Amino acid sequence: MDRQDYITMDGVSILADAVCAFESEKDFVAEYDSKVWGNKDQKIRKSLLKQVYKIAKSQKDENRSEGD
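Just so you know, we're using the numbering used here here: the sequence shown kicks off at 23 and counts up by one.
Any given hint might turn out to be false.
Derived EDC-like pairs (lysine to aspartate or glutamate); straight-line CA-CA distance at most 16 Å [as the list claims (entries may be wrong)]: (1) K72 with E88; (2) K82 with E53; (3) K76 with E45; (4) K57 with E88; (5) K57 with D27; (6) K68 with D27; (7) K68 with D39; (8) K82 with D27; (9) K79 with D63; (10) K65 with D83.
Each pair of labels, with its calculated beta carbon distance range [claimed, not checked]: (11) E88 with N61: 34 to 44 Å; (12) D32 with D83: 29 to 39 Å; (13) K72 with D27: 32 to 42 Å; (14) E84 with V34: 19 to 29 Å.
Bear in mind the hints are in silico, worked out from the structure with no lab data behind them. All of these numbers come straight from a predicted model, not from anything done at the bench. The C-beta atom is built at its ideal place from N, Cα and C for all residues, glycine as well.
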């Protein structure tokens, strides 16, 4: 990712590079669970965070394959 890509979901934007810095989805969700979407149920928050993680990783993989 050459530029600053943000993933925006349900009113929250997270820098994709920050997401990709985590070694696993589990680590990312654990770190961000209490930081975003505080007004939502924990189950919903975790689901949203997992979606953000998957999007960030797929963007990173796409960018990596475009560079080949």
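Structure-based check of all given hints:
no. : hint                     : in the structure
1   : K72 with E88             : violated, 24 Å
2   : K82 with E53             : violated, 20 Å
3   : K76 with E45             : holds, 13 Å
4   : K57 with E88             : violated, 33 Å
5   : K57 with D27             : violated, 19 Å
6   : K68 with D27             : violated, 21 Å
7   : K68 with D39             : violated, 19 Å
8   : K82 with D27             : holds, 10 Å
9   : K79 with D63             : violated, 25 Å
10  : K65 with D83             : violated, 27 Å
11  : E88 with N61: 34 to 44 Å : holds, 37 Å
12  : D32 with D83: 29 to 39 Å : violated, 24 Å
13  : K72 with D27: 32 to 42 Å : violated, 18 Å
14  : E84 with V34: 19 to 29 Å : holds, 22 Å
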